[in-house]
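Asks: Okay, here's what each chain looks like letter by letter:
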Amino acid sequence: MKRNRMMYERFDLFSILGIILFITLVLLSLFPLLWMLVTSFKTLEETHSIPPAIWPNSLFIDNYLNIFSDKFFPRYFLNSVIISVLITVVAVGSSVLMGYVFAKFEFPGKKLLFWAILATIMIPEEAYVVPLYQTVSSLKLTNSYLGIILPSIISSFGVFYMKQNMESVPNELLEAAKIDGSGNLNTFVKVVVPLQISSISVLSLLLFLIAWSDYLWPLIVVSKQRMYVLEIGLTYLQNQYYIDWGFVMAGCVIAMAPVFILFLIARNYVMEGIAMTGIKG
Amino acid sequence: MLKYKKQKRNDLMFVTAVILPITLLFAFIRFVPIAQSLITSFYQKNLVLRTQVFIGIDNYKFLLGDQFFIKSLSNTMFVTLFATLFSVSIGLLLASVVNSVQNQFVRLGQAILFLPVVISMVPATLIWKYIFDYNFGLLNHISGLIGIPKSNWLNDPNLTRWAVIIISTWKEIGYNMMIFLVGLKAIPRELYESASLDGAGKWHKFWSVTFPQLKPITLFVIIVETIKFVKVFTQAIVLTTGSQSSGEIFYTMVYYLYQTGFHLRQIGLASAASIILLLLVMLLTWIQMVITKER
Amino acid sequence: MKKFLTVILALAMVSALFAGGASEQKEDIVLTFWTSTAEAVDWYTNVVTPAFKVKHPEVKDVEITFTSIEDFNKKLPIVIPSGEAPDLMEMEDSWAPQFITAGYISPNSDRLNNVVAKLKPSLQMAIEHNGKKYGVPAMLIHEFMYYNKTMFDAAGIKEFPNTMDELLEVAQKLTKRDAAGNVDISGFSMRLGGNPNGTFQKFWVLALLSNGVEMVEESKTTPGKFHCGFDNEAGYNALKLYIDMLYGYKVDDFNSMKDSEAFAAGKTAINMRESQSIQTILELGPNLDWRSAPMPIGKSGKRATFEIALNLYVPASTKEVNKPYAESFIETALEQKVQEEMVRKAFCLSPLAGFNHVGLIDPRAEVGYTFPDDMVVYSVPIHNAYDAAATRVGNALPSIFKDASLYNNPEGIRKQVSYLAKLVNDAYKEYGEYAE
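Residue numbers (the numbering used here), protein chains in the order written: chain X, 157 to 437; chain A, 6 to 300; chain H, 8 to 443.
Since the hints were derived computationally from the structure, they do not count as laboratory data.
Take the hints with a grain of salt, since some may be wrong.
What the hints assert, rightly or not - In silico contact screen, one side only, chain A against chain X (beta carbon under 8 Å); selected entries:
1. Phe67
2. Phe119
3. Met287
Unchecked claim - Here are the simulated DSS-like pairs of lysine-lysine, each with C-alpha atoms no more than 27 Å apart in a straight line:
4. A/Lys233 / X/Lys266
5. A/Lys155 / X/Lys266
6. X/Lys380 / H/Lys180
7. A/Lys155 / H/Lys409
8. X/Lys227 / H/Lys67
9. H/Lys62 / H/Lys409
10. X/Lys380 / H/Lys330
11. H/Lys429 / H/Lys409
12. A/Lys155 / H/Lys156
13. X/Lys334 / A/Lys233
14. X/Lys346 / A/Lys155
15. X/Lys227 / H/Lys60
16. A/Lys11 / X/Lys260
17. X/Lys266 / A/Lys220
18. X/Lys334 / A/Lys155
19. X/Lys296 / H/Lys330
20. X/Lys267 / A/Lys11
Note that beta-carbon positions come from the ideal geometry of N, C-alpha and C, so glycine has one too.
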């Protein structure tokens with residue numbers, strides 16, 4: 157009932173413009189990616205023909221086969237998965253906890269600490285990667301999973317995000333829990349987290365994406381081919397003098413797939429997250 | 006009273022248990038390397054030769070007089086301004102649409118909008134590079150059909166910066182949409198209902214209910230996108246290097262950092278550049294926070 | 008139950024973390040080898056390594072790691088000073104100077120110098136620094152001209168131009184424009200932007216070397232120190248060459264298709280490149296009727312090209328146990344039969360003295376890669392500042408090329424030459440290698 161009312165309520169000029177924009181952007185997002193998919197099935201000649209051919213003559217799956225049959229490919233893929241999952245789990249967990257504390261508690265130096273944490277994402281990786289490497293190298297952690305995930309297991313972005321989201325948790329609920337005798341940890345797990353399923357899902361998705369596509373640090377800290385992550389491993393299979401577009405695009409499609417699947421899963425939690433907990437916002 | 010004190014003690018224990026280990030980890034993997042970088046910025050230091058000469062603020066003086074640094078700075082700021090503006094506003098608009106219209110087409114559209122986010126930057130830029138190509142690109146093909154002269158997206162710096170903005174925005178809107186969506190869904194329906202009862206129209210509801218409730222999220226998105234765009238690098242480089250490139254490279258701060266620090270191996274100068282970038286971003290963020298608070 | 012699962016998960020995670028690390032036992036001999044030459048990986052993996060392993064069955068494996076050049080550039084300066092060097096690495100000669108000066112690469116052992124003795128004399132000199140030799144060239148590249156025979160025939164041009172001036176006229180003749188006046192087929196494909204080092208390299212060979220000057224020359228007052236070599240009339244002519252090509256002869260513009268891809272597609276009449284370009288042409292333009300030619304005679308009165316080597320180095324940090332194997336690997340890579348495979352697979356030239364490339368490379372390239380007697384061959388000097396200076400000049404060149412007002416503007420050109428000279432001198436001052 158309520159849903160229907162909302163739908164009709166919003167159909168006016170503004171909505172129509174909004175929908176037109178929506179459709180335009182969907183097409184704009186779709187088109188380049190369709191082109192990518194189509195190109196991944198093209199042969200070398202087809203990708204370099206002038207004028208460029210739009211459709212491949214036949215489904216040229218060699219681009220994909222070459223990647224899948226590379227002896228290191230499964231390893232690259234596995235590395236990326238393991239590293240991304242580990243990073244996401246630790247980073248999300250720590251971000252949620254930190255975000256909660258920053259949003260709902262006071263302590264001396266809170267503002268300074270928050271700014272300091274925020275400031276660390278303002279400086280690009282390139283700036284501190286050298287001293288970081290020297291530290292990691294002296295700990296003999298190069299070429300290990302621990303070494304690769306270490307700089308990413310805490311996310312300033314995640315802390316900031318969760319803090320902003322946690323601010324919408326009603327203080328009354330927390331008070332009520334306290335009155336009921338619930339300890340801080342218990343309140344956190346039983347009351348706060350369920351309320352934030354949506355934002356936690358989005359954060360997990362986004363941190364996974366960041367971890368999955370991280371390039372610079374895995375590049376520097378890894379020198380053994382079998383520890384390469386997917387992004388880096390794919391560049392191995394390319395030639396310097398010309399771009400084999402079909403091959404490059406096939407690599408992209410493969411690299412994209414896991415994150416996109418994760419997105420579809422996370423999206424459910426976002427859209428239905430509120431409904432699942434039975435609490436309205 | 007006793008219960009209150011106990012509560013306070015529990016709170017302190019909880020806070021410490023969370024903050025302390027995580028802050029220590031932060032210190033180890035971020036604060037310390039960044040501090041080391043700051044110290045290095047006052048030296049003339051070569052990564053490989055390991056020579057180290059203390060030169061005070063000479064690095065900073067050099068940067069402020071270096072035309073390539075200035076160019077990097079202005080390019081970066083230009084891109085950041087417009088990319089943030091577009092990606093945040095479009096993201097919010099899209100989230101509103103998805104939030105209000107609940108059917109399967111919109112769900113499908115939402116998924117499609119997220120695709121640019123998951124594709125890595127290099128292939129994404131390569132695709133757009135092809136679209137922008139002077140001779141074979143789609144854009145010039147279309148403009149040729151309409152009768153507009155071909156545009157030099159990749160070789161004319163005035164146009165290249167827009168190409169970078171387009172790509173950067175395109176890649177972020179799905180992401181911002183998701184973040185705003187979570188924020189929109191967190192707004193209690195009662196607020197809208199009571200506003201309706203007060204006779205508020207759509208616009209008014211947006212300004213009096215939606216916008217204030219979304220403030221923390223909006224601030225977050227603006228700040229995060231600013232920080233992200235300030236680091237623009239990959240798309241600029243992929244667009245303007247390669248065998249077919251004949252324009253100047255689109256200089257950005259991070260490219261300058263990369264070339265100075267790794268290629269020219271002047272890690273001291275690179276550190277100084279990154280500190281300047283850091284200060285600039287902190288300033289921008291602070292301004293954004295102040296503006297939002299005033300509203 | 009939950010707690011139990013959490014503990015298991017934690018344990019699994021922790022063990023997974025350390026799993027990725029070293030897993031070889033101490034007794035196994037594994038050679039680690041880094042390269043950034045994509046077209047040579049096949050050769051290293053499938054030719055050199057098997058030949059090497061036959062000699063040394065006790066070696067468990069040769070771990071070849073490929074990193075693209077851009078990535079190599081980010082990685083090496085960070086990784087090697089921290090002690091993470093491989094047992095063996097391959098680097099372009101222009102990258103090595105700072106590593107040599109900093110001591111990460113030791114002078115060649117006698118065994119390696121015995122291999123060096125088999126190489127071309129010019130290369131033996133190029134790898135010498137302060138009286139000692141560093142590294143062993145394994146692959147060679149130099150620049151020459153490719154031209155489209157079909158276009159030449161159609162224009163009635165029988166032979167490739169002998170001098171630079173003739174080249175400009177031929178290129179002008181062969182340039183074709185479209186209806187809007189843009190270059191459709193360039194007479195000569197110019198490198199006008201993109202990666203700064205590449206831009207500089209082309210400018211170096213086409214403009215500077217053909218006018219008889221290099222980026223730096225040795226100081227007469229202080230030997231061992233250098234200053235800009237083109238802050239003079241020859242430098243002026245060098246920059247003028249590019250400007251004239253763009254705005255006088257108009258052999259190319261900024262929007263045309265460029266380089267090997269353009270050549271393979273029939274969109275440029277003349278392209279200046281190394282031998283690896285053959286690979287591109289064969290793949291992308293198999294039906295193209297092309298020929299090659301050596302660099303034409305420049306204003307200096309001589310032909311000039313550069314000779315760049317991809318060198319194999321044994322880092323100073325290589326364990327004593329692995330050193331003989333690393334050196335043996337290098338010896339293997341320079342064996343006659345192995346080099347023949349290299350030429351076939353990687354399309355580079357061999358550094359071996361008196362090596363006969365005929366039959367191993369497309370015959371049409373033979374004229375291009377053979378040095379006529381009047382060819383002067385230049386190498387990249389082993390200076391700490393060289394790469395930095397080249398990069399800075401490469402950064403500055405594209406916007407200079409874009410400046411159409413420099414045409415017929417001797418003062419304007421001289422001003423830019425002075426500016427570029429200052430960039431070079433500043434770089435050399437930075438590294439303490441400058442003197443008047």
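Asks: Evaluate each hint against the coordinates.
Replies: Outcome of the hint check:
no.: 1; hint: Phe67; verdict: violated, 17 Å
no.: 2; hint: Phe119; verdict: holds, 5 Å
no.: 3; hint: Met287; verdict: holds, 6 Å
no.: 4; hint: A/Lys233 / X/Lys266; verdict: holds, 24 Å
no.: 5; hint: A/Lys155 / X/Lys266; verdict: violated, 55 Å
no.: 6; hint: X/Lys380 / H/Lys180; verdict: violated, 53 Å
no.: 7; hint: A/Lys155 / H/Lys409; verdict: holds, 18 Å
no.: 8; hint: X/Lys227 / H/Lys67; verdict: holds, 18 Å
no.: 9; hint: H/Lys62 / H/Lys409; verdict: violated, 56 Å
no.: 10; hint: X/Lys380 / H/Lys330; verdict: holds, 19 Å
no.: 11; hint: H/Lys429 / H/Lys409; verdict: holds, 20 Å
no.: 12; hint: A/Lys155 / H/Lys156; verdict: violated, 31 Å
no.: 13; hint: X/Lys334 / A/Lys233; verdict: violated, 39 Å
no.: 14; hint: X/Lys346 / A/Lys155; verdict: violated, 61 Å
no.: 15; hint: X/Lys227 / H/Lys60; verdict: holds, 20 Å
no.: 16; hint: A/Lys11 / X/Lys260; verdict: holds, 18 Å
no.: 17; hint: X/Lys266 / A/Lys220; verdict: holds, 21 Å
no.: 18; hint: X/Lys334 / A/Lys155; verdict: violated, 67 Å
no.: 19; hint: X/Lys296 / H/Lys330; verdict: holds, 22 Å
no.: 20; hint: X/Lys267 / A/Lys11; verdict: holds, 25 Å
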